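These protein sequence lines are chains A and B, in that order.
In terms of the working numbering, the first sequence opens at residue 89 and continues consecutively.
In terms of the working numbering, the second sequence opens at residue 89 and continues consecutively.
Check the hints yourself; a few may be wrong.
[To be verified] Not close to chain A: a few residues of chain B, all C-beta gaps over 10 Å, as computed: (1) R156; (2) A261; (3) D264.
[As the list claims (entries may be wrong)] Listed next, the stretches of chain A that the computed footprint assigns to chain B, with coverage defined by at least 3 CB atoms under 8 Å from CB atoms of chain B: (4) 270-279; (5) 296-308.
Source of the hints: derived by calculation from the structure; they are not laboratory data.
Here the structure is a predicted model, which is why all the values come from computation and not from measurement.
Just so you know, even glycine gets a beta-carbon here, dropped at the ideal spot from N, CA and C.
There are 2 protein chains.
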Amino acid sequence: MKHDIDVIVREVGLRDGLQIHQTFMPTDRKLAWIQAEAAAGVSEIEVTSYVPAKVIPQFADAEEVTVRSLGIPGLTVAALIPNFRGAERGIDLGVHKLNFVMSVSRTHNMNNVRREREESVADFKRIVELVRSQPAGKRPILVGGLATALGCSFEGRVPVDDVVRYAVALAEAGADELVVPDTVGYADPAHVKRVFKAVLAAVGKLPVAAHFHDTRGTGLANVTAALDCGVTRFDASLAGIGGCPFAPGATGNIVMDDLVFMLDSMGLRTGVDIEKLVAVREIVRETLPDIEMHGAIARAGLPKNYVGAAARAAA
Amino acid sequence: MKHDIDVIVREVGLRDGLQIHQTFMPTDRKLAWIQAEAAAGVSEIEVTSYVPAKVIPQFADAEEVTVRSLGIPGLTVAALIPNFRGAERGIDLGVHKLNFVMSVSRTHNMNNVRREREESVADFKRIVELVRSQPAGKRPILVGGLATALGCSFEGRVPVDDVVRYAVALAEAGADELVVPDTVGYADPAHVKRVFKAVLAAVGKLPVAAHFHDTRGTGLANVTAALDCGVTRFDASLAGIGGCPFAPGATGNIVMDDLVFMLDSMGLRTGVDIEKLVAVREIVRETLPDIEMHGAIARAGLPKNYVGAAARAAA
Numbered sequence: 089m090k091h092d093i094d095v096i097v098r099e100v101g102l103r104d105g106l107q108i109h110q111t112f113m114p115t116d117r118k119l120a121w122i123q124a125e126a127a128a129g130v131s132e133i134e135v136t137s138y139v140p141a142k143v144i145p146q147f148a149d150a151e152e153v154t155v156r157s158l159g160i161p162g163l164t165v166a167a168l169i170p171n172f173r174g175a176e177r178g179i180d181l182g183v184h185k186l187n188f189v190m191s192v193s194r195t196h197n198m199n200n201v202r203r204e205r206e207e208s209v210a211d212f213k214r215i216v217e218l219v220r221s222q223p224a225g226k227r228p229i230l231v232g233g234l235a236t237a238l239g240c241s242f243e244g245r246v247p248v249d250d251v252v253r254y255a256v257a258l259a260e261a262g263a264d265e266l267v268v269p270d271t272v273g274y275a276d277p278a279h280v281k282r283v284f285k286a287v288l289a290a291v292g293k294l295p296v297a298a299h300f301h302d303t304r305g306t307g308l309a310n311v312t313a314a315l316d317c318g319v320t321r322f323d324a325s326l327a328g329i330g331g332c333p334f335a336p337g338a339t340g341n342i343v344m345d346d347l348v349f350m351l352d353s354m355g356l357r358t359g360v361d362i363e364k365l366v367a368v369r370e371i372v373r374e375t376l377p378d379i380e381m382h383g384a385i386a387r388a389g390l391p392k393n394y395v396g397a398a399a400r401a402a403a
Numbered sequence: 089m090k091h092d093i094d095v096i097v098r099e100v101g102l103r104d105g106l107q108i109h110q111t112f113m114p115t116d117r118k119l120a121w122i123q124a125e126a127a128a129g130v131s132e133i134e135v136t137s138y139v140p141a142k143v144i145p146q147f148a149d150a151e152e153v154t155v156r157s158l159g160i161p162g163l164t165v166a167a168l169i170p171n172f173r174g175a176e177r178g179i180d181l182g183v184h185k186l187n188f189v190m191s192v193s194r195t196h197n198m199n200n201v202r203r204e205r206e207e208s209v210a211d212f213k214r215i216v217e218l219v220r221s222q223p224a225g226k227r228p229i230l231v232g233g234l235a236t237a238l239g240c241s242f243e244g245r246v247p248v249d250d251v252v253r254y255a256v257a258l259a260e261a262g263a264d265e266l267v268v269p270d271t272v273g274y275a276d277p278a279h280v281k282r283v284f285k286a287v288l289a290a291v292g293k294l295p296v297a298a299h300f301h302d303t304r305g306t307g308l309a310n311v312t313a314a315l316d317c318g319v320t321r322f323d324a325s326l327a328g329i330g331g332c333p334f335a336p337g338a339t340g341n342i343v344m345d346d347l348v349f350m351l352d353s354m355g356l357r358t359g360v361d362i363e364k365l366v367a368v369r370e371i372v373r374e375t376l377p378d379i380e381m382h383g384a385i386a387r388a389g390l391p392k393n394y395v396g397a398a399a400r401a402a403a
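Bound-form chain A, shown alone:
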């Protein structure tokens, strides 16, 4: 982490947000979004997913998006991988970070990747071997993602012990980092504390990121709870795009612009310029006029006489 950053915010809207949007966002516009957000100070962006284009046509341009994003100075370029083949594609492209995901809920994992959870752990081990077999300069950071860790649309609440079990399994298999997502927006701050405290206690010094959806309005409250546990890496999507296939009209990921405002207002430096970030919304709005956009700070503006975290830290 850079010495002048307290919390890393990571844009996932191009993957998690766009994956349920039927209209293809032209590659040039994706790049415009990525470039503008990087210029606003967002240091890590999940730019695409290496799923087959026939499964999610939105990601038919995964190669081009990756390669062009890698040309942006200072940006950590991440991509989701559903399996070993995805890891191979990412490594061939030279992507910086591979976000592997399995589900802690058995039913969700079976539905999503047609695998028992132990099979997914075994897949992850093979990916670790693949990554480690690369020459030093070509090794991506490998992230283990625990989908449904905070609730499952099939099973409801997921036992904390199960989350810990698979967090430890991915950590022991060789993950460089973990991410604990509230895939369907079920979490509340009390449960967030229970889960993150347990996971953090179990995996030692491994970085653990949080990934919240704002489906039921608790997204930023959950961020507050995770901050209290010591979490300093958060996923979000610009304008909260994404929605939820099970909840019409719901927001998707927590709103990046509101997240950055809240953190900044708390005195936590993100390295992001809020006003530049809010301006990036126009790129999405122009390109996808039918996409639902959320966010309070874009409507309400900054408070009177607002002084951001960086200025306060420097004063």
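Fit chain B to the supplied structure of chain A, relying on the hints for placement.
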């Protein structure tokens, strides 16, 4: 507090929400809203404001709304009072609770009630005397409200020392309870903790409630922070109605339905039936079709296999 309630949620939409809405809500519809929300389990409702009807025509029916609300069994009927005359009106009507409000920000107090802050404290002392001169059965609970405690649209951030000074002044004058509002939606969880910790430390055992607006998306995160300080009384408005005159499209108070969901999901009993509460939104929607309504739980529904706080406590 009832032994089976952990957190008291208080409806303020009929006052704080409706006061900036130009269309008069017919008295019968206000009562339908109040009755339905009381039936859903909300135990305290700020039903009106005793400001002159020529100032805010929405409250031209303050007397009738108060009297009819007092007929609802078990409901604590509260009303806002801007001054001594308002207190007299409330006492004549037999209202249960008088919510006096002054602003911690000097500029805001001058603009709002044309008084220096010390003059407002003096007004409050006169109101305390009036209340205490009533026979025992006719004495309302008197609340001291500290508007702009968490930020002011004229002055920006308000010094914590000023909040403490006027909290102590109202407490020493004889308030039965205090409420600390984020009048214009400037607060973040870190600042909430600073302010509430300082106020709670200064006023001893006096109950201190929180009143948040969700103007910049941080409302429920601020609730989480206040809960961490030990606050157990929260204001909210159904569907977040209210808006902000300075921020078009912004929500008003935090959304009652989302607040109740979050608390309930955390295992904190509110005594409110979420599904009955969400159903009350229809009364507002039918009556005021042009009012902007917010809220995530009404769109997304409860999580799969959801078990509420009361059932968990009983299990």
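Verification of the hints:
no.	hint	verdict
1	R156	holds (32 Å)
2	A261	holds (29 Å)
3	D264	holds (29 Å)
4	270-279	holds (count 7)
5	296-308	holds (count 6)
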